[in-house]
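**Q** Here are the chains, one letter per residue:
Number of protein chains: 2
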Amino acid sequence: MKGILVIADGLGGRPTDYKGKTCLQAARTPHLDALAHRGATGLLDPVTPGVRPGSDVAHLSILGYDPYCEYPGRGVFEAAGAGLDVQSGDICFRTNFATVDEDFIVLDRRAGRIESGQDQLEAALQEIQLVSDPDVKILFRVSTEHRGALILRGEGLSANVSEADPHKKGKRVLEIHPLDNCIESRKTAKLLNELIEESHTKLKKIPFNVRREKSGKPPANILLPRGASSMPNLLSVNEKFGVRGCVIAGGALYRGIGKIVGLMPIQVEGATGGLDSNLNNKIKAALKALKTQDFVFIHMKGTDTAGHDHDAKAKISFIEKIDTAIGILDEKLDWEETHFAFTGDHCTPIDYGDHTAEPVPLLLAGPAVMSDDVDKLDEKSAQYGGLGRISGNVLPMLASLNNWLPKFGA
Amino acid sequence: MKGILVIADGLGGRPTDYKGKTCLQAARTPHLDALAHRGATGLLDPVTPGVRPGSDVAHLSILGYDPYCEYPGRGVFEAAGAGLDVQSGDICFRTNFATVDEDFIVLDRRAGRIESGQDQLEAALQEIQLVSDPDVKILFRVSTEHRGALILRGEGLSANVSEADPHKKGKRVLEIHPLDNCIESRKTAKLLNELIEESHTKLKKIPFNVRREKSGKPPANILLPRGASSMPNLLSVNEKFGVRGCVIAGGALYRGIGKIVGLMPIQVEGATGGLDSNLNNKIKAALKALKTQDFVFIHMKGTDTAGHDHDAKAKISFIEKIDTAIGILDEKLDWEETHFAFTGDHCTPIDYGDHTAEPVPLLLAGPAVMSDDVDKLDEKSAQYGGLGRISGNVLPMLASLNNWLPKFGA
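Chain order of the listed sequences is A and B. Here numbering that gives the first Met the number 0 is used: the first residue of the first sequence is 0, the next is one more, and so on. Here numbering that gives the first Met the number 0 is used: the first residue of the second sequence is 0, the next is one more, and so on.
Just so you know, these hints were derived from the structure itself, not from any lab. All C-beta atoms, glycine included, are put in the ideal place defined by N, C-alpha and C. Mixed in with the good hints there might be a few duds.
[Claimed, not checked] Under the rule of at most 16 Å between Cα atoms (straight-line distance), these lysine to aspartate or glutamate pairs were calculated in the EDC-like manner:
(1) B:Lys379 <-> A:Asp372
(2) A:Lys204 <-> A:Asp372
(3) A:Lys406 <-> B:Asp134
(4) A:Lys167 <-> A:Glu126
(5) B:Lys239 <-> B:Asp65
(6) A:Lys201 <-> A:Asp275
[Stated by the list, open to error] Just a few of them, taken from the derived set where beta-carbon distance is under 7 Å, the chain A residues facing chain B:
(7) Pro133
(8) Ile137
(9) Ala367
(10) Gln382
(11) Gly385
(12) Phe407
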């Protein structure tokens with residue numbers, strides 16, 4: 000048996016979204032509704048009722064991990080998503096390039112949002128050797144604009160350190176300090192402070208920044224790490240369920256989450272992680288992947304982006320675009336051999352423009368699913384669904400339907 | 000007030016079971032349906048959604064124990080079920096008699112499945128004295144065929160040891176080793192290795208085996224322990240709820256679970272734990288027991304057996320046999336003074352032939368139960384039941400309906 004899980008980021012909404020309806024209620028979704036008719040629906044609390052999750056936490060929980068014990072922090076996902084090969088024990092950070100003056104006062108936290116040429120910044124950072132401990136390796140990768148990911152790899156390091164970014168223009172770059180008394184945290188803080196100083200020394204001189212200054216743009220002359228986290232020892236999807244899976248996601252964070260749980264990232268043409276993403280191509284890539292893989296996780300980001308932008312019409316339109324892609328899936332999928340799950344990782348209502356804790360609709364379909372009498376997929380219809388109201392763990396449920404799930408007890 | 004809980008093992012199924020229906024949907028169950036009409040129904044996740052439980056774990060959870068903290072492992076239940084008086088601190092094992100050659104190579108893991116005369120094996124084992132620590136007591140009891148249960152009782156023992164059974168013909172009996180560095184685990188491993196050697200020395204010479212060899216049957220010439228577990232400190236049903244209860248079950252495991260939580264086993268004529276079990280007699284015995292006891296737990300195994308055998312017709316037929324027995328219960332029970340619960344401990348769908356994580360129907364009836372609009376008991380009807388979808392803890396719910404449940408907080 001095969002499994003496919005589609006998560007539409009920030010799918011859920013509120014009746015305040017658009018003319019008394021949620022965006023999902025307002026959207027025309029004939030294909031999702033047809034699947035709701037054949038399958039079963041319910042309400043999913045990504046973590047548990049009353050918990051308002053970040054996307055990373057919500058995804059972990061939906062994939063069957065315990066976010067209270069197994070959440071490593073954002074840095075690990077960003078590093079993995081940026082394409083770095085994260086290993087157990089690595090200390091990972093999100094970073095941004097900023098513009099500072101000679102006294103380390105921040106003039107621009109994003110160095111004017113860099114459009115291109117970031118590889119030159121990457122190359123300059125790779126040259127840095129830390130004198131505090133020359134055995135500690137620095138791995139760095141630019142992701143988008145001023146953003147990047149950093150790994151410190153070596154013996155005796157800790158993620159329990161503060162951050163460098165003052166989050167305000169006109170403030171001095173913060174000195175990193177240990178957040179506990181361990182020798183590892185003190186050592187890591189010292190290494191990071193040295194790295195930040197060195198990044199300024201190196202970056203301010205490179206031709207890329209000289210040219211930027213000449214043309215009146217703020218130079219990317221310092222690296223600010225934050226969100227320290229260490230790679231946890233998570234059981235992979237393969238170790239848990241004995242199956243091979245892959246992840247299709249435009250956004251680096253979601254590719255990173257997939258990689259951390261052992262899913263192989265598949266690159267898809269036109270999959271941008273934005274509202275313009277080519278969802279049909281993602282579905283086609285998933286259908287192709289299912290010929291050799293057991294499980295595919297597809298992430299679609301636009302619903303969340305539109306919610307954060309308070310743009311109901313954009314969210315409705317993206318939901319309809321998802322529905323069209325699901326139509327292709329429905330037509331081509333081998334329904335005798337596959338179970339399908341569709342849900343969101345949280346609500347992103349239009350009025351608030353950020354994540355909320357209300358539950359999201361969940362849809363399961365396939366031969367072993369006990370169907371219910373609901374024939375529409377939205378926040379209201381799902382109240383009457385046969386799945387009831389459940390918390391996280393969608394992948395383990397899919398694994399059970401596919402007879403992959405290991406037994407607890409005898 | 001009195002309480003009665005009936006668990007039909009592996010009751011739940013999938014729409015793939017039989018002509019697009021689960022076995023429970025396909026079966027004629029007028030008496031269960033009448034109770035569903037008068038009472039309330041819902042979906043029960045034996046542990047939580049997306050957890051696929053063994054029968055032991057599922058029963059503990061349904062009886063109100065936390066399987067993550069209070070599950071002792073299989074050996075304890077087997078020992079208690081076999082009739083041994085398990086005490087706190089005992090190290091318990093499942094065992095089988097096997098046939099080995101002089102080099103301890105396993106020729107038959109089940110010694111040809113022994114039909115009778117196992118008491119002679121039991122007697123031979125009781126004579127063994129362990130020189131590694133003569134104060135450690137060996138308690139042994141045969142259960143069925145080649146199966147038995149072993150207890151090591153003494154100071155400084157641990158259940159954290161490996162097993163002896165190589166689970167394959169032609170392999171050597173495994174040396175037991177400690178699974179941690181504790182002195183208790185090392186001592187227990189040493190005692191077990193001595194016991195295994197001694198079992199061979201004793202058993203190969205007894206007349207029972209000499210006769211077996213003469214008639215061409217494989218001798219039961221070694222004892223192989225596995226599934227080490229230590230007796231936990233569980234609060235009994237009496238300690239939790241202040242009531243006296245009993246267990247009626249053909250299978251040793253289920254009697255064992257009952258005994259571990261303080262329920263008194265009642266022997267019933269014709270209660271075999273198989274498809275041929277006399278369920279009417281079990282119900283009659285329960286009705287009789289309720290005259291002096293507060294609570295009866297009845298276990299019915301055939302539904303699971305038929306599921307494991309991929310035999311839809313046998314499962315449907317056993318469900319109809321359960322329904323007939325429930326009809327007797329319904330007619331004779333003092334409904335003014337009793338609450339009744341009926342459920343399964345997990346699904347055993349016909350196609351898969353093993354446990355799955357999908358929820359099972361739950362039925363509650365009696366004077367304090369708020370009835371719902373459902374008038375049939377099956378996996379689909381229960382989606383609309385008034386109890387919603389809940390996780391484990393059926394006995395505490397019954398205890399509350401009976402006003403037995405202690406308060407949490409003041």
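**Q** Hint by hint, work out which the structure violates, then give me just those numbers in ascending order.
**A** Going through the list in order, the structure violates hints 2, 3, 4, 6, 7, 8 and 10 and respects the others.
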